[in-house]
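Chain residues, written in single-letter form:
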Amino acid sequence: MTAVARSGRAGRLGLAGAVVVALVLASAPYVVTSDVTHTLVDLFVLVVLATMWNLLAGYGGLVSVGQQAYLGVGAYAVIALSVHGGVNAFLAVPIAAVLTAVLAVPLSFLAFRLHGGYFAIGTWVLAEVVKLITAQIGPLGKGSGASLTTVSSYDPDIRVAYTYWVGLAVAVASVGGVYWLLCSRIGLQLTAVRDDEGAAAATGVRVTRAKRLVYLIAGAGAGGAGAIVCLNTLTVQPESVFSVQWSAYMIFMAVVGGLGTIEGPLLGALLFFALQQTLAAQGTVYLIILGAVGIVVMLLAPRGLWGVVSGRTGEVFPVGYRLR
Amino acid sequence: MTWVNAVLQGILLGGLYALFATGLSLMFGVMRIVNLAHGDLSVLAAFLAFALIDAFALSSFVTLIVVVPAMAVLGYLVQRLLLERGLRAGPLAPLVVTFGLSVVLQNALLEAFSPDSRALPAGALGTASLQLTESLSVGWFAVLCLGLAVAVLAGLQLFLARTAFGRAMRATSDDRETVQLLGIDQRQVYAVATAIAFATLALAGVLFGMRTTFDPSIGPARLIFAFEAVIIGGLGSLWGTLAGGVVLGVAQTVGAQISPAYAVLAGHLVFLAVLVLRPQGILAPAGSRP
Chain A
5 MTAVARSGRA GRLGLAGAVV VALVLASAPY VVTSDVTHTL VDLFVLVVLA TMWNLLAGYG
65 GLVSVGQQAY LGVGAYAVIA LSVHGGVNAF LAVPIAAVLT AVLAVPLSFL AFRLHGGYFA
125 IGTWVLAEVV KLITAQIGPL GKGSGASLTT VSSYDPDIRV AYTYWVGLAV AVASVGGVYW
185 LLCSRIGLQL TAVRDDEGAA AATGVRVTRA KRLVYLIAGA GAGGAGAIVC LNTLTVQPES
245 VFSVQWSAYM IFMAVVGGLG TIEGPLLGAL LFFALQQTLA AQGTVYLIIL GAVGIVVMLL
305 APRGLWGVVS GRTGEVFPVG YRLR
Chain B
141 MTWVNAVLQG ILLGGLYALF ATGLSLMFGV MRIVNLAHGD LSVLAAFLAF ALIDAFALSS
201 FVTLIVVVPA MAVLGYLVQR LLLERGLRAG PLAPLVVTFG LSVVLQNALL EAFSPDSRAL
261 PAGALGTASL QLTESLSVGW FAVLCLGLAV AVLAGLQLFL ARTAFGRAMR ATSDDRETVQ
321 LLGIDQRQVY AVATAIAFAT LALAGVLFGM RTTFDPSIGP ARLIFAFEAV IIGGLGSLWG
381 TLAGGVVLGV AQTVGAQISP AYAVLAGHLV FLAVLVLRPQ GILAPAGSRP
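Chain order of the listed sequences is A and B.
Throughout the first sequence, residue numbering follows the working numbering, covering 5 to 328 in sequence.
Throughout the second sequence, residue numbering follows the working numbering, covering 141 to 430 in sequence.
Bear in mind the hints are in silico, worked out from the structure with no lab data behind them.
It is possible that part of the hints are untrue.
Taking lysine to any residue pairs in the SDA-like style, the calculated list, with each CA pair at most 25 Å apart, reads [to be verified]:
1. A:K215 - B:R418
2. A:K215 - A:L192
3. A:K215 - B:A229
Pulled a few chain B residues facing chain A out of the computed Cβ check, cut under 8 Å [unchecked claim]:
4. L217
5. L227
6. P231
7. G240
8. N247
9. I358
10. P360
11. I364
12. H408
13. V410
14. L412
15. A413
16. L417
17. I422
18. L423
All values reported here derive from a predicted model rather than from experimental measurement.
Yeah, the Cβ is synthetic: ideal placement off N, Cα and C, and Gly gets one too.
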């Protein structure tokens, strides 16, 4: 007998596995040293960035090279809220994400006037403008940046543990949120847009509205990631949080892992994290390798690593339906 | 008078921006590819000139004889070996590939030449100026840049309008499937268009290097200027690109007149204003969209 089911065996195992992984990760501060958790926060940031860029480009078809605008705003929002507004620095993270999404509303109307490649550079210009304006604001330290002084009262181990949990929460919320979104009615519309924009519009999908929603969510995600970066490094500088390098990382992770899937960017983030930990000391050579691998994967295996793997295993995060 | 001077210098600077933006405009016009490595390639050209000067003590202008053809060949190869595959893989691939190229180039230049700022010698021409009135003078080099920009744009316009290959290029831009039915090899057309684009960006890159200092990480900022010139002027119009470059140049020099910190920001704000008020660009025909 045939039945319609959302998940195969890999999906059920995968979801159970994801819950177990999240629980194990959540207990890490009790088990490993704060050096390890401090490093793992970087991985969470990468997971959030890869997942959100994939939502944007892989589903929305919006190739942005300007998500660092939202990352920087998220980081600066923590400084503004915590140092100047008296809000608890950890509580400032979700507020920063919401504020970033609010900023993304007007910026989306500017960016959406451009299409394709010009959209890409347009978002980059917006990021530069946000950076230049931020670097003019006196209370935020102008060009030299600012420090998150409000968390110095915490014991360092406690501070790192809190940062770790907040980082993990943002990562889980990002991946889980994107999964939930794609399983919803909107997700179906987005998948249609991904496959054929014209056909999706013809069947009644409001393409621009769907894309704008994706743009705002991706902005909030980048803002959350920026807030975590601020908590983890305790300083923000316009040249580093607004660096286009972040976009290079996002593109690498999403493309190499596999665009248009949930699992791909996770795989990409893990791979990138491993490369970063082993090769970062090599400096520029590591970035040359990164760029070259991105080009080769895009040209030879455009579905990414997950595209190669998933043919055998099936989806771990099933968003479609299948017959069995 | 300082404001008149700022506008005048801006117009001249705009010529260089327009020359540099021509390649970006051409590649988009013919292939619908936005080359995110455009800025870094111009920096590569400047470093090639720098290395030649270092080794053979040439004049900066003489290096153009080598650098421009070398970059044209590179353009041909990049199109045939990388972008052509990318175009077949969908609209996303050329963006990712050129962005990857940008990251590779930037860091390879950093590895080869260190992050130090460099400049190409401009010789006597670099300091010579033409006194217009008592308080107003223009540098000969800046005038030369504007002149070269107009010459290159006019030449390209003639090439596209009058020659058989130019017609093939425009036809391919309009409809690449139909053009193949007529026996035109679109891959060849694309590769030649890229070669021309790389030649113009190499010329602009060397001139940029003679005008101001450059370092391996300056490419993205340049790409953004070129992009703004193209959008302000209007997509698909070469003379629009010249107008866009001039508007951007004037915005920057007038912004710098208010405060040096506002130079780049003023350019960005004019770009955003055009995007809001006239997204088809100042010279584009009504009804076209970016």
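How the hints compare with the structure:
{"no.": "1", "hint": "A:K215 - B:R418", "in the structure": "holds (23 Å)"}
{"no.": "2", "hint": "A:K215 - A:L192", "in the structure": "holds (13 Å)"}
{"no.": "3", "hint": "A:K215 - B:A229", "in the structure": "holds (22 Å)"}
{"no.": "4", "hint": "L217", "in the structure": "violated (14 Å)"}
{"no.": "5", "hint": "L227", "in the structure": "violated (11 Å)"}
{"no.": "6", "hint": "P231", "in the structure": "holds (6 Å)"}
{"no.": "7", "hint": "G240", "in the structure": "holds (4 Å)"}
{"no.": "8", "hint": "N247", "in the structure": "holds (4 Å)"}
{"no.": "9", "hint": "I358", "in the structure": "violated (12 Å)"}
{"no.": "10", "hint": "P360", "in the structure": "holds (6 Å)"}
{"no.": "11", "hint": "I364", "in the structure": "holds (6 Å)"}
{"no.": "12", "hint": "H408", "in the structure": "holds (5 Å)"}
{"no.": "13", "hint": "V410", "in the structure": "violated (11 Å)"}
{"no.": "14", "hint": "L412", "in the structure": "holds (6 Å)"}
{"no.": "15", "hint": "A413", "in the structure": "violated (10 Å)"}
{"no.": "16", "hint": "L417", "in the structure": "violated (11 Å)"}
{"no.": "17", "hint": "I422", "in the structure": "violated (15 Å)"}
{"no.": "18", "hint": "L423", "in the structure": "violated (17 Å)"}
When held up to the earlier numbered hints, the structure conflicts with 4, 5, 9, 13, 15, 16, 17, 18 and fits the remainder.
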